[in-house]
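Whenever a hint applies, use it, and build me the whole structure from the sequences.
If you read the protein sequences in the order shown, they are chains R and Y. Read in order, the letters of the first sequence correspond to residues 1 to 261 in UniProt numbering. Read in order, the letters of the second sequence correspond to residues 1 to 270 in UniProt numbering.
No wet-lab data here; the hints were simulated from the structure. Remember, it's a predicted structure, so these values are computed and weren't measured experimentally. Hints may be right or wrong, so weigh each one.
[Said to hold, decoys possible] With a Cα cut of at most 30 Å, we get these calculated DSS-like pairs of lysine-lysine:
1) Y/LYS261 x R/LYS87
2) R/LYS210 x R/LYS162
3) Y/LYS13 x Y/LYS261
4) R/LYS118 x Y/LYS261
5) Y/LYS13 x R/LYS119
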Amino acid sequence: MDGGQPVSFVTAENIFQSYGARPILERVNVTVDEGEFISIVGASGCGKSTFLRLLLAQERPTRGEIRIAGAPPAVEPGLDRGVVFQKYSVFPHMTVRENIVAGESFRTTWGVFSGAHKKAARDRADDTLARIGLDHVADQYPATLSGGMQQRLAIGQALAAKPRILLLDEPFGALDPGTRLSMHDFLTELRAETRMTVFMVTHDLEEGFKLGDRVLVFDKPRWDPTDPNAYGATITYDFDARDGGIPFQRIEEDTHVLRPA
Amino acid sequence: MRLINRQPGVALKAALMALPFVLTFVAYWIGSEIRLAENPSDKLLPAPSTIAATAERLFTEPDRRSDRILLWHDTAASLMRLFLGVGISALLATILGVLIGLLPHVRATLAGFVAVVSMIPPLAILPILFIVFGLGELSKVVLIIVGILPFLIRDQSQRVLDIPREMIVKAETLGASSLVIALRVVLPQLLPRLIQSVRLSLGPAWLFLIAAEAIASEVGLGYRIFLVRRFLAMDVILTYVLWITLLAFLMDLALRTLSRKAFPWTEASL
Ligand SMILES: Nc1ncnc2c1ncn2[C@@H]1O[C@H](COP(=O)(O)OP(=O)(O)OP(=O)(O)O)[C@@H](O)[C@H]1O
Ligand SMILES: [Mg+2]
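Here's what the structure looks like:
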């Protein structure tokens, strides 16, 4: 997007979300450019997954609007938003290849391809599988795969549908550190290829800064000591993580300084 | 070692499995010997040899009056009713279970109704069924359906609700319509569970079948048992009971095998 003004692609405007009388999110405002990778961090239970569900249009906010590419706010999840959860993101009753094909075939009337379409979709699925390193298990069921392979499959499946934004809710939360690192490389590669807009919730600050262009921190700006549930969370920091996550490194240095010798 | 951690070996396990069967048989045999020693014409506990002879006669010799082997006719009639009743119930339960589990409007309409209807004791409305559907085949099949359908619907709809929401949402993000979600995501995951539920409801299905046959019928396993009861023909009754038990066991085995063969992905998780 050299030359022209970067157009904001995703806008969340004055989002409030409450469950019953309990506010979870309040006054969340953020604009994101196309192709940006947004990491979301924050304490447990502060509403990160809630924000992702709002982006996904799985829920609608109590107040405010989320728009993608200027379109009217979505009322339900659809093809423009892909998602990978920590668990249950692939279909256990389909083989690995069928899972990838589902990324294209589910939008048809009966959810399956036939004839020449079927062959072509299988070939494309095999290409995808080769790219995500799962071609050797194409005919196995997901339950036989390791956690890392299942998440790779889930990401591959989401990308097969060619969404405009990809939402990841702690996608690597259940993986061991080694697998996690190789998943980072995998995701970075895929991103370089697709230039997709990504929102990723993580509990790993390092991961958030490493992968993200920006890191959003969710926290409660106001705190009622007698009633911790009185206020909702909002975005309290919006770090630029683009050049190797310098703010993050500064935080590390600070802690080194503070640590007694 | 703790009792909970002690495992029987292969041979011991087989022996333990056979033990209750052998004990039951021996206990019956002794009881029968004692009674027959006192009164050789006692009918209550016929000797195992008598039962074997009766069984052979029942399975092979045609009835003098009708010239048909009654046991096979009874079996065919009863199995027909059972398969119809269970099959129709399974089909309806799957369709309604998917609708109730997936569609909030249908759930709001039917969930409460099904819960209340499932509280009706089926045998209490058997007279109504006989009045409405007559004494023929229909009322017997309907009794089985009335008896097991509410349980199956509740079970199946709950199983649909148990499917993680994440999976449904994932399908939505792949552009799947409600129909595609029902056919490609929910139904395939429901079928192995349907087989489990059908296995559980086979017991009640037999109960309702035999009850209906006992009250009004001209052929059927339950009918025969209640008919010969008048002559205290324990050897015939016991043969029929053992035969029914074997049939029920084989059905259960067949369903279990089917579930394993037809849904390899459920095995994969074990
Ligand atoms: N459907 C719901 N109904 C009522 N309360 C809800 C609902 N969904 C979430 N909550 C509550 O909202 C709060 C925020 O939940 P959320 O899952 O968004 O947190 P999170 O930041 O993702 O936490 P974690 O890091 O543990 O995943 C939690 O306290 C949760 O109990
Ligand atoms: Mg969460």
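Hints, verified against the model:
1. For the hint linking Y/LYS261 to R/LYS87, the alpha-carbon distance of about 27 Å falls within 30 Å, and the restraint holds.
2. For the hint pairing R/LYS210 with R/LYS162, the CA-to-CA distance comes to about 24 Å; that is within 30 Å, so the pair holds.
3. Taking the CA atoms of Y/LYS13 and Y/LYS261, the gap is about 26 Å. The hint holds against a cut of 30 Å.
4. With a C-alpha separation of about 25 Å, the suggested pair R/LYS118 and Y/LYS261 falls inside the 30 Å cut-off, and the hint holds.
5. Under the criterion of a C-alpha separation no larger than 30 Å, the hint pairing Y/LYS13 with R/LYS119 is inconsistent with the structure, at around 51 Å.
Violated hint: 5 only; the structure is consistent with all others.
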